[in-house]
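Enquirer: In order, the protein sequences belong to chains C and B. Sequential numbering of the first sequence, starting at 1, is according to our numbering. Sequential numbering of the second sequence, starting at 1, is according to our numbering.
The set of hints was computed from the structure by calculation and includes no laboratory data. Model, not experiment: these values are computed from the prediction. All C-beta atoms in this analysis are idealised placements derived from N, C-alpha and C, irrespective of residue type, glycine included. Hints are not guaranteed to be accurate.
What the hints assert, rightly or not - If we take Cβ atoms under 8 Å as the criterion, some of the chain C residues that face chain B in the derived model are:
(1) Pro145
(2) Ala147
(3) Tyr148
(4) Gln150
(5) Arg153
(6) Asn154
(7) Phe155
(8) Gly156
(9) Pro169
(10) Ser245
(11) Arg247
(12) Trp248
As the list claims (entries may be wrong) - Sample of chain B residues with no beta-carbon within 10 Å of chain C, all distances over it, derived:
(13) Glu19
(14) Ser37
(15) Ser42
(16) Asp70
(17) Asp159
(18) Gln165
(19) His218
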Amino acid sequence: MRNVERLVLPVLFAGVLVAMWHFAVVLTATAVFPSPADVFRGIVTLAERGTLWSYIGDSLLRVGVGYIAAVLSGVPAGLWLGWHPGLARALNPVIQMLRPISPLAWMPLAIIWFGVSNAAPIFLIFLASFLPIVVSMMNAVQNVPQAYLQAARNFGLSTPQMIRRVIFPAVLPRAIVALRIAFGIAWIVLVASEMIAVDSGLGYLIIDARNAGMRYDLVVGGMLLIGVIGLFLDVAIRSAERLPSVRWGFRE
Amino acid sequence: MKVEISAVSHSFGAMRVLEDIELTVSAGELVVIVGPSGCGKSTLLNIAGGFTPPSRGQVRIDGEPVVGPDPRRIFVFQERGVFPWLTVEQNIGFGLFRVTEEERRRRIAHYVQLVGLSGFERSFPRELSGGMKQRLEVARALAVNPDVLYLDEPFGALDSITRLQMRRELLRIWQAERKTILFVTHDIDESVQLADRVVVMSQRPGRIRRILTIDMPHPRDLSDPRYIALRDSIFAEIGLAHHV
Chain C
1 MRNVERLVLP VLFAGVLVAM WHFAVVLTAT AVFPSPADVF RGIVTLAERG
51 TLWSYIGDSL LRVGVGYIAA VLSGVPAGLW LGWHPGLARA LNPVIQMLRP
101 ISPLAWMPLA IIWFGVSNAA PIFLIFLASF LPIVVSMMNA VQNVPQAYLQ
151 AARNFGLSTP QMIRRVIFPA VLPRAIVALR IAFGIAWIVL VASEMIAVDS
201 GLGYLIIDAR NAGMRYDLVV GGMLLIGVIG LFLDVAIRSA ERLPSVRWGF
251 RE
Chain B
1 MKVEISAVSH SFGAMRVLED IELTVSAGEL VVIVGPSGCG KSTLLNIAGG
51 FTPPSRGQVR IDGEPVVGPD PRRIFVFQER GVFPWLTVEQ NIGFGLFRVT
101 EEERRRRIAH YVQLVGLSGF ERSFPRELSG GMKQRLEVAR ALAVNPDVLY
151 LDEPFGALDS ITRLQMRREL LRIWQAERKT ILFVTHDIDE SVQLADRVVV
201 MSQRPGRIRR ILTIDMPHPR DLSDPRYIAL RDSIFAEIGL AHHV
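Next up, chain C with everything else stripped away, as it sits in the complex (with noise of 0.2 Å):
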């Protein structure tokens, strides 16, 4: 009954949903929304002529060089800033300050910055998910138990052994919540901005296949690779809450 509802059902409904889908497209006559097969049929030949895999890699490249920096980046600043409260009390309201304005909004700067190139949306993802990362791991050590500090202090632990054996793994399980938060955010911006600062990539694909010829069956056939990819990666983010040492983060 379990593997039955955790494989068969969500098959199931997504089976259903496509169904629904061909048949609206069919009954509807509509000229302008393509059906499954009509998405279908575009995407392989995309893969035929070889942009799909160029696309693809492309995106990744981007998302993974810019997202792979602010996890470098913003996870010693936001422990950095979780050990020190004095420091984060004074940063705090910058950081706040930038937080609610979208990534989106500094492409203008990225453009005039780093012109039409990879390093305009690498610029914007990085944005989107330094932020989230560095508030999150800031969060997370801030509210690391005093007992466990307390305890680490009395078996006599010296301060780099005390962020090692204590602060490191008692943050560990929110760290891959926040890490998965921010690819999910720096995966959104991807896309969109790659329809403005770059000529490759699925962004681009969804904006070209439009411009160039209604070709609607892209566009969707470029919504649904974005969604497909964007579980995928998630699934393998979260595949880290199953190890032992964080288990007791995250509810069974």
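Starting from the known structure of chain C, arrange chain B on it as the hints suggest.
Expert: Chain B alone, transformed into the frame defined by chain C:
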């Protein structure tokens, strides 16, 4: 004297929490500090443990002034102090980073057994009951071989049956290991069941009202008239009639 608390007073800002505490504890003695909530008994334990420097006065252990936390004196919380990302044996071994690997393994094995967690070495705390987590925390403390254990309402979060079992366990472990124990509780029955001496504290600002010697051998009979008389005298001291 193992622990000497002399002329300790403490304030948080303008609030006076402890007033002129004098208490000495001998090596191997089990002293229970009991008092109404907010009387400063936990603060006193934090001062003795070196976590809070007192506003005035001094704590000495073996004649040496306490200036900070020290692995020779371990503080045990309610079971929330165990590290949820470590297994039972990793938790017990947490403080054992200055000993050889062989010694570390020996001590982990010894304390797993002493606190009755055999078979759970590889379990994580989330797989344990509240009482097991509490025993795990005691084992982690004992593993570094401290001379003094500070227990701050260690059984407060447990149900009443588990709490009774844990008191018996604690007495068994104490008799096996002969540590000096300072135990804080608001439970008067608990204090009389466990202690060599009970320190009764007043409302805030906490002062020592009285120190009672419980001259009854373990195991103590809880219906013994002597037990009941001692317990009632503490109720009277705190100003509570023991009627519900």
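Enquirer: Determine for every hint whether it applies to the structure shown.
Expert: Outcome of the hint check:
no., hint, verdict
1, Pro145, "holds (7 Å)"
2, Ala147, "holds (4 Å)"
3, Tyr148, "holds (7 Å)"
4, Gln150, "holds (6 Å)"
5, Arg153, "holds (5 Å)"
6, Asn154, "holds (5 Å)"
7, Phe155, "holds (4 Å)"
8, Gly156, "holds (4 Å)"
9, Pro169, "holds (4 Å)"
10, Ser245, "holds (4 Å)"
11, Arg247, "holds (7 Å)"
12, Trp248, "holds (4 Å)"
13, Glu19, "holds (25 Å)"
14, Ser37, "holds (19 Å)"
15, Ser42, "holds (12 Å)"
16, Asp70, "violated (7 Å)"
17, Asp159, "holds (21 Å)"
18, Gln165, "holds (23 Å)"
19, His218, "holds (28 Å)"
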